[in-house]
Each structure stands twice: as structure tokens, then as C-alpha cells.
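Let's have the full structure, built from the sequences with the hints guiding it.
Number of protein chains: 2
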Amino acid sequence: MPKHPDPSRRSERSRQAILDAARELVSEVGYGKVSIEAIAARAGVGKQTIYRWWRSKGAVIFDAFLALSEAEEGGMALPDTGDIEADLKLVMRATVAEFADPAFEGPIRALNTEIINDPDLAAQYRERLATPVDEAKKARLRSAQRAGQLAADLDLGLALELLYAPLFQRWLHRSGPLTPEYADALVDLFLKAARPA
Amino acid sequence: MPKHPDPSRRSERSRQAILDAARELVSEVGYGKVSIEAIAARAGVGKQTIYRWWRSKGAVIFDAFLALSEAEEGGMALPDTGDIEADLKLVMRATVAEFADPAFEGPIRALNTEIINDPDLAAQYRERLATPVDEAKKARLRSAQRAGQLAADLDLGLALELLYAPLFQRWLHRSGPLTPEYADALVDLFLKAARPA
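Listed in order, the protein sequences are those of chains R and E.
Position 3 (the first sequence) corresponds to 3 in full-length UniProt numbering; numbering is contiguous.
Position 197 (the second sequence) corresponds to 197 in full-length UniProt numbering; numbering is contiguous.
Be aware that one or more of the hints could be misleading.
Since the list gives no way to pick one copy over another, a pair counts as held whenever it fits inside one copy or between any two copies.
Said to hold, decoys possible - Heads up, simulated BS3-like pairs for lysine-lysine below, C-alpha to C-alpha not over 25 Å straight-line:
1) K57 with K47
2) K192 with K137
3) K89 with K137
4) K192 with K89
5) K192 with K138
6) K33 with K57
7) K47 with K89
I should point out that these hints are in silico values taken from the structure, not numbers from a laboratory.
Computed from a predicted structure; not experimentally measured.
Spelled out as C-alpha cells, the structure:
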């Protein structure tokens, strides 16, 4: 969250309008063509209002994306029914569906375009978004380790890369279909690697 | 390769100079700031010479990258000593080192920035670069299946995603170190998933 000196309701409404405008414009015209001017016009605020809270276009769009992610997840904990296979298939089917959804598509591509080329934004992304989400995922894997469903010596960071990176790359390069069957096959192969020997 | 009407030595020299200029400029100033004008000036050719062979900046840089990859690989076949673990560790250590090399870094990031946002270029990338390379990798996995070192029913496309996507994502998001130890750990976990049951 950016610091803003006046945390009144009016200020919060402006902030929300700016984030909504940023997200809509990215989806409509693509990251490259969005300008601070267009965001300000759409949100009904002056450019200076945006620059008071954010240092760049990339920073606004990053917060717009972060707000979306927070609203969607409603708490980051993964389901824990005691069955790691069922829980991971549920989560990965939902994640695949999210990547295949045009409403997410635009902002997530815009964010990735930025973080590829901006090491500072990549660091912000890790700290503010990726790391908290990864910790929630690791908590579920740890619970499965305690239940004897995953190997006790599994490297959880590497395990998360094995589970999520294939989907991310397939989506980014548009190199294959994003289907429930794909989610299931990915979880099955992941579990072969992650189960106790 | 672009079609060019005059396949003389002079024409080939111009083409090479353009590809070299494109690669150098991307590494020096980043994809966003490279222009067709700057490539033409650096290569000592006119803009029209570039537009005769390529339809866009993205297309020139794509070919520059492709030429680099072809020169580096010198044939795409993976080593086959009969030991899939040793061969994959050799290949993945080399691949990790390549991603960590600043000389590759610039062009590969530029290429990925383009293919994220340009579905046509993504399709070209799959057809001209990813698919031939994947076929060479699959040939090595098939040889290991015949030797009983990998499961006979392993889905080779999914297996390649599991092996390469974690490295790709870690590099793209700068989310962890790219070391020989990482390459080995990735191959070890991959093989747990891929070995016969």
C-alpha cells in the first residue's frame, strides 16, 4: 500500500478509482499504451494525485494487480481436508482457470512484462506478493509432510517451483492448453516427485 | 531465415551485420530503447535494407536471438552416455550457466518481453525455436525410456515442462540463485517424478 497523507474516505475513493482505471485500461489497450494521463482521466483525478502516491506507471499497475489478487484470494490459506492430492488438484484447477480467464490475463501479462525488465519491481513482486503466497502454500505442504503424505526431506521452495512454474511458462508462452486435465496431470507428476520414497 | 532476393556474399554480410547490431543494442540499452534506425546505423545499412528482410523490430531481434542460439548449440542433440542422470545434470548445469551469463541475459529477456505480448511472435517462437529444441530433448528422454531409466508411460511434453520451467521462472523473476547445485537439485527431483515406479 502506498502511504497517503490524508486517509479520509474521499482519498480512499480516489485511490480505488485510480486502481480500477489502471486495471481496466491495461485490459483494454495493453500495458504499453496505458499512460498516467489516461489513468487520471478515467479515474476523474488529476495527474498529481497519482504521482503523490505512486512513482511510476509500473507502480500503479502493480498495486492495481495486487489489489485484485488480495480481493480474489480472500485470505491466502490453501484448503486442508487432510488429502494432499485432492487439495492440490482443487487449487491447481482453480489456478489454471484463473490464468485462462481474460479478466486476469491482461494485468498479469502487464505485470510480468514489467518485472522481466525491472529488477526493482521484481524484488517488490517477490516481497509483497510472491513470498506471502508461497508461505501459505508451504504451510499446506508442511501439513502434508506431518501427515506422511510428502517426503520429510522435500525442499519446499523447489517443490513449489516444480508445481507452479510449468503452468506459468505454458501460460506465458501460450505453448499448450490450460485445462482441468492439465492441472490434474501436473499434480500427479508433482506428487510422484514429492511423495515419501 | 528471412527470404532475401539477392543471396550474394555482400547481402549475407549485411544480414549478419544487422543481426549483430540488433543483439549488441539490445544488450546495451534494452529492448524498449532499440529502434530500427539505430540498428541500421550500427550495421552501416539503410533502414530499407532491414525492412526488405524483416517486418518489424521484434522480427529482427527474434532472428538475432535465433542465430545466437543456433551458433551456440552447434546441433541440438543432447549427450547420450547411457546414464540419464549424468547427462541431464551436464545439460542443466550448462543451461543454468547460460541463463546466468550477461551476454545471453539481454537478448533472452528482450525475446520474452516480446512473446508475452505478441501471440504471433509466440507462435513463431514455438514453431522455429522451442519445438525443434524440445524434439531433441524428447529424443534423449525416449532413449532413457528404452533403457528402462525413465517410466515408459511418462508424458514427455509435461516432463520437459517440469524439468525446464522452474529454471525459466526463477531466472525470469530473479527469485533465486542460478548455480550448479540448483541444476543438480532440479534434476534429482525431476528424476524422482520420471523414474519407473
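Is it within a copy, between copies, both, or neither that the alpha carbon of K192 lies no farther than 25 Å from that of K138? For K192 and K138, both the intra-copy (18 Å) and inter-copy (20 Å) Cα distances are at most 25 Å.
Status of K57 relative to K33 across identical chains (alpha carbons, at most 25 Å): both (11 Å within a copy, 17 Å between copies)
Can you give me the call for K57 and K47, within, between, both or neither, at a CA distance of at most 25 Å? For K57 and K47, the Cα distance is within 25 Å only inside one copy (11 Å; across copies 32 Å).
Could you figure out if K47 and K89 sit no more than 25 Å apart (CA to CA) within one copy, between two copies, both or neither? So K47 and K89 fail the 25 Å test inside a copy (45 Å) and across (53 Å) alike.
Within, between, both or neither: how does the pair K89, K137 come out at a Cα-Cα threshold of 25 Å? Within one copy, since 13 Å is at most 25 Å while 28 Å is not.
Between the shortest in-copy and the shortest cross-copy C-alpha distance, which are at most 25 Å for K192 and K137: within, between, both, or neither? Both ways: K192 and K137 sit 18 Å apart in one copy and 21 Å across, limit 25 Å.
Using 25 Å as the alpha carbon limit, work out where K192 and K89 are close: within a copy, between copies, both or neither. Intra 14 Å, inter 20 Å, cutoff 25 Å: intra and inter.
Consistency note: the structure conflicts with earlier hint 7 alone.
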